[in-house]
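Student: Chain residues, written in single-letter form:
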Amino acid sequence: MAAILRFRKLCFLEPSSPSSCNEHKKQTAKRDEKKLRENCDAGEDGLRRKGVKEWRCIDSCCWVIGLMCTAWWLLLFLHHCMPASLPGAEPPGVRLRRQGVVALHPVVLVPGIVTGGLELWEGRPCSDGLFRQRLWAGSFAEIFKRPMCWLEHLSLDNETGLDPAGIRVRASSGLVAADYFAPGYFVWANLIENLARIGYEEKNMHMAAYDWRLSFQNTEVRDQTLSRLKSKIELMYVSNGYKKVVVVPHSMGANYFLHFMKWVESAGGGGRGWCAKHIKSIMNIGPVFLGVPKAVSSILSAESKDVAFLRAMAPGLLDSEIFRLQALEHVMRVSRTWDSLVSLLPKGGEAVWGNLDWSPEEDHVCEWGTRKYQQQSKTKGNETDGRHSFQVQEPTKFGRIVSFGKTGSSPDAISSKPNASCGKVKTEYDEVSQETIQRISEERVYTADTLLDLLRSVAPKMMKRAEAHFSHGIAENLSDPKYSHYKYWSNPLETELPEAPDMEIYSLYGVGIPTERSYVYKLSPPGKCRSIPLQIDSSADGSHNGCLKGGVYFVDGDESVPVLSAGFMCAQGWKGKTRFNPSGSATYIREYKHIAPANLLHGRGLESGAHVDIMGNVALIEDVLRVAAGASGVELGGDRIYSDIMKLSEKIKIHL
Amino acid sequence: MPSLRRRRAAAEESVRDPDPDEKNPELRKPRRQRKWSCLLDNCCWFIGCVCVVWWALLFLFNMMPSSFPQYVTEAITGPMPDPPGVNLKKEWLQAKHPVVFVPGIVTGGLELWEGHSCAEDLFRKRLWGGTFGDVYKRPLCWVEHMSLDNETGLDPPGVRVRPVTGLVAADYFAPGYFVWAVLIANLAQIGYEEKAMYMAAYDWRLSFQNTEVRDGALSRIKSNIELMVATSGHRAVIIPHSMGALYFLHFMKWVEAPAPMGGGGGPDWCAKHIKAVMNIGGPLLGVPKAVSGLFSAEARDIAVARGIAPGVLDKDLFRIQTLQHVMRMTRSWDSTMSMIPKGGETIWGGLDWSPEQGYVASKRKQNTSQPENSTFTEDGNIEPKVKHAHYGRIISFGKDVAEADSSDIQRVDFRDAVKGNNFANNTCQDVWTEYHDMGISGITSVTEYKVYTAGDILDLLNYVAPKMMERGGAHFSYGIADSLDDPKYSDYKYWSNPLETRLPNAPEMEIFSMYGIGIPTERAYVYRQVAATDCYIPFQIDTSAVEENIDRCIKDGVITVDGDETVPVLSAGYMSAKGWRGKTRFNPSGMKTYIRECDHAPPSNLLEGRGTQSGAHVDIMGNFALIEDIMRVAAGATGEELGGDRWHWCTMAEATHEERHLLQHDRASEAGMCRLSKLSHQDPLLTDIVTIKSKEIPQQDLTVSVADSHESNSCDRLIYLTTCLIGHKVEVQVQDGSLFSGIFHAISGEDYDSSEPPSKTLIIPATDLVQIMAKDVPVIRDGFLNELQRGKQQELMTDSCISQSRNVEAGRELERWVPDEDDPGCPELENIFDGAWNSTFDEELYTTKLDRGQTRELEREALKIAREIEGEQTLDLHLAEERGIQIDGNIEIDEETRFSSVYRGNHERSYEDIVETVLEDEEMQDVHDRRASKAEGSCVTPTWGDVKFCQQFRDPRRVGRNNETALVEKDAVNQLIMWCSRSPGLQLRFDPLERFVCCQ
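From first to last, the protein sequence lines stand for chains A and B. Take the first sequence: its position 42, counted from the start at 1, is 41 in numbering that gives the first Met the number 0, and no numbers get skipped. Take the second sequence: its position 386, counted from the start at 1, is 385 in numbering that gives the first Met the number 0, and no numbers get skipped.
These are computed hints drawn from the structure, not numbers from a lab. Treat the hints with care, since some could be wrong.
Pairs of lysine-lysine, PhoX-like flavour, derived with a Cα cap of 20 Å [unchecked claim]: (1) B/Lys124 / B/Lys136; (2) A/Lys396 / A/Lys460; (3) B/Lys554 / B/Lys398; (4) B/Lys194 / A/Lys231; (5) A/Lys242 / A/Lys231; (6) B/Lys398 / A/Lys202.
On a predicted model such as this, the values are computed, not experimentally measured, just so you know.
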């Protein structure tokens, strides 16, 4: 203690209390008196001013921090002493284990876009010390430390869609690649843990991590990812007693695996029947089979409803030039080098996504909550009634994926192009002439078909690059030899499923959350350093059955993927023997109603239906576990549908 | 701020409340008040201060550029050498062969997949490797989960602990303690990434075959190697470390064995898929450390700890019983049994003999050239001061026993001794060791046997731990095969013993043994029996056994030899030096083996961390020389190109070091490790004439003549090497098996005309030659230098190597030459110069007198002149060659130009002409393409007048995409660089972004 005291004296000379000053005066020799007096006077001055006793501001600060630290340590200590498991809900794995469900089929997990980790293997000098550290996922600490460097390393080459020279960023591998996105934010971890409870371990569970920025074929070209996956599946098939694998893709992983199945039977050298031999079932979680409208807005203006909302709340924050943020511009520049984003654009054109006046979801009523489902289950018997009552209202025009609502800004206002002084961030918009943008906004409405033209005009390089890898149409005649090209493999509407009659395809997704479906755009207000001329018109609010909010039209879905995209293929496109599914693989739809977590303690909820949180959904985990342990779709209970996916699908008239 | 103050006030109040007297602080006695604030407030204040400072530091640390520590280090210790990855990248080395890492015991991470309730929250957390946080938090739980089942050697029920997969499995053992990380980082520099690197992680606790049974680990490795070979198109380079070497031996046999027991890869799987196996510190013949580990769960470190603080480890206070727990745990791991010394007494030595006999741990001043045979038979008679340690006695009870002559030791056989009653009571049931079953009489009988050699060790372990050995006996074997054709050797238990199994049939494959030397390594132990108390291990290393004589081989009860701190040289090197060298029965296809020894040089200061020249068992993975070797092999080099065997290739060690190793190796040659024999064996076409004064045929010289080699480097090397042997006693083995010994007289690279053999020499033609063995010959290290450095070598050393002081002990006594008395050719010279002589000899007639004071300047002057001469541009091919410019084989020069010694003046094709013409075509195309692509660069147009050459080189990442641009092969670029760097007045400039190399 004495040492501490002395130390304190050293630092601050005195706690400057008058009493102690006096005391000191008595104690200390006279030679110090002068100095001390000054000190004490200063202290007394401070005291008088503040009217508090003997503490200086800095002392209090230290004191408080010390208190907090101590408390924190104490809590930490208690936390460590706490028994490891708080009594809580029993995980589904434990329950199923007790029921005798044990590991049988090997499981392959295919992560989606964004969730997989990326790590640095070679970089520019600014990335010193980051070798084999995660750039993406994990703590994201580098964003704050060296944002520019980080962005540079994450982007790909604008021409080739591959690595820029001198930079190698590669996907992490193993289960850690996508078990947690950020510390505490699980993606696959819950599912993995429950699988482990019934006996899975790494010899029969594999995370097919890939570089999600690349186009699917390029993952093979650069990293041989598809070959690795093939070899891994074959190995697991053999070493687990010739049991077929259960594949669990999530989000974009569903498209990736579609691509894989075509690849493996043609270019991959597996030959016809490879899928039939090796794959038991594919359990797509929140699949993006037909694309998501969200991809449109992110390519067009690098924003989605969250960003738009943020802008509405705090206008200017995102656009502020003070910190040379230009966050959106950077995001846009980087994300436009990612080919995979293009694979998420809506597929199937107007036939699927609706045209100017029609859309499959047109009589969707946006009254979020449980009421809707109750009503629907009631009216299931007499659909005509419900439909009748809906038609009273004006149908919402979801087909117009991008519409320029209020072209409020005048032409001359926008003509002030960003000047060179802040031209650090070059986006492709700099190369698009003002007239083009004007023309774009005058066109007013874009459907899924014309949308591609729009994107081609605003993002010519990206679309040119990516359209060599992806296609977004509907095949007229699947036997056309051109469909053997790999760019069609990931589009379920332009490719046949492999010949595997025993294979099962599941679509597992959440419903009950408003999901972006189409956008109202406007030209951005002029800004000195703003180079994105378009933005979501967050002021657009309207009745539209309550579906338009903040410039975004919402439909039912899992927050990212509309029901239509996730469910249509299994509800209609592949159901029975269709031309997309010539061997008649069985398809099942399992929907999970979104129930938000009741309180904070539940974290992200055990019954969530949100796009990523659904991976912690107990019912979904149970389904996956049962199938992995050998159950078939029929044994699970076949389809389980809450939304109007069947109705929607019927309205889509494409040749099957 | 107000809120803060409020809190403080509240807290203060709560502090003061209990004492109502102090409501009014002004009224308090000053002393009292101080005390109060001092206790709590000051405490808080202090902690706050510390926290703030800590945060500030943390913040600063995070803001610090990551290269900062390096700057600091360099500022203090001078510039660090570039890591090999950076250097080799400049040489345009590129990733070629896929690389497989096989980690050893202990270094691989293990994680929990299913556990008992005490490990509830540890799912997929590391139990082994990483922070080891749970060892402290719940030691018993940890031990329970790390142990395997006693009976099966597999998981205990309800527990699944599995190896971590991926590169993270063993890149760092604990935070900051690298294992593979440095190697991985360097490989990544030349373009490796995860698709071409695979960490063959396996559960190192299991027996090798069980890793396949439980986890399918061998199948995984097979599948991954096949995949990488298929995608890259090149065979894989395997890098096992430590026990990984044994594991990979097992794998190679497994993969070629037919399906039910093996992998069904077929008999040529290894030949098709493996380029090289580069064992790092592989204990191929086991390690004595494993014995002490199994016998009493201790090693030197633990024994030392006990010596320092007796009682701590044995205290029952906290029910720690650490050693007992450790023993119970490690005895359940089958893999530890894979490292029991193999080969029995033949390899590890018997009671009186061991291959390392004569090894001296400390620097030694005596003359080393002792007659070898005398040490064999009459131990101690010749040099009574030096008592040779009996390394063969791996365990001996009592120091006196360890040193006694074998005839003095009274041994009572323990094998049939009846084990006594179970003296263990129930209190220590939780700590299971098999010693409980032995009883006192059993323990005593073990002690009575006194000395255990490598052969006895097995019986001993069988006796004290029958269950464990029974389990392990099904998976491992420790003998030497008499006939490898015996069908029993197809069982998997023999696969990991190099002495009981054949290498696969893969003549193209290469095996490297890379290991450190220069660190005392445990070889044998002195044990003692401790008082038989319950629950304790009845045997301990006797730390009081210290030998203080000149040997100092016994220290703390441990007898050490040279090695890498864990693995003795014998175990790491023997197979490559002898067992597999050439075509032997263990290596029927005759695949090449190379030894690369690394002399241990400890880091000079703390800032260097674990050093870049270390030879220690694990730290060697950060050794730059080793990493460079691995990278070169991975990029396509063969062992021959690396320079074959290297004895101290990683450090420029001072003479004493060298001396020591040479000594030791020559001693080891008694057991058959003769280095020179290897070289001759490699290339039977070498030309030598060996002249030998033979003992068998006295007064006769033998001449040996051999056909010439083609263009083999090793011919020169051999001749060069053998010149060092001139005048030494050698033994020459010839084809028909007979052995000649005599003094080596001459060697010649020319064809010997055998028509009229001289009478007194035995001439041995190279066609007959099998090997030349020489003992106690210092081989200068220059001969083993890296080929790249050979250019710098100024002189060919001939007999100078014998006399050069650094290679012979400095203090060698000069012996007076006494001529044979009856030699008529040797007249009496004694008094030839007696008498008065008037010499007209003037020294300055022949030499320039040196002014002693100016030597420095003169030297400098001479150097300058030399440089000037060397720096002159030459148009003569041969001069260029002399100046170290290497002519690449790719350049087309007609033979006459290349080999003729005639100087034909400038009008002939000179070296530079040749280079030019080679470069010209590509250059022109380059220019063309550069213009087409409008790429700007300072060296777009090459002008031949002012000698400016540019080369565009291939960027590996662009292959396949930019085929249209003219890309020049690596060789041409290398050539340009090499040429440019050697040409004075020209500067090399390269631009990786533009992918251009310019020389201007």
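Student: It remains to establish, for every hint, whether it holds in the given structure.
Tutor: Okay, the hints, checked on the actual structure:
1. Only pairs whose Cα atoms come within 20 Å are accepted, and B/Lys124 paired with B/Lys136 is accepted, the gap being roughly 14 Å.
2. In summary, the hint linking A/Lys396 to A/Lys460 is not supported, as the alpha carbons are separated by about 31 Å, beyond the 20 Å threshold.
3. As the CA atoms of B/Lys554 and B/Lys398 are separated by approximately 11 Å, the hinted pair is consistent with the 20 Å bound.
4. Taking the CA atoms of B/Lys194 and A/Lys231, the gap is near 13 Å; set against the 20 Å cutoff, the hint holds.
5. With a CA separation close to 13 Å, the supplied pair A/Lys242 and A/Lys231 stays within the 20 Å bound.
6. Distance hint between B/Lys398 and A/Lys202 is unfulfilled; the C-alpha atoms sit about 51 Å from each other, more than 20 Å.
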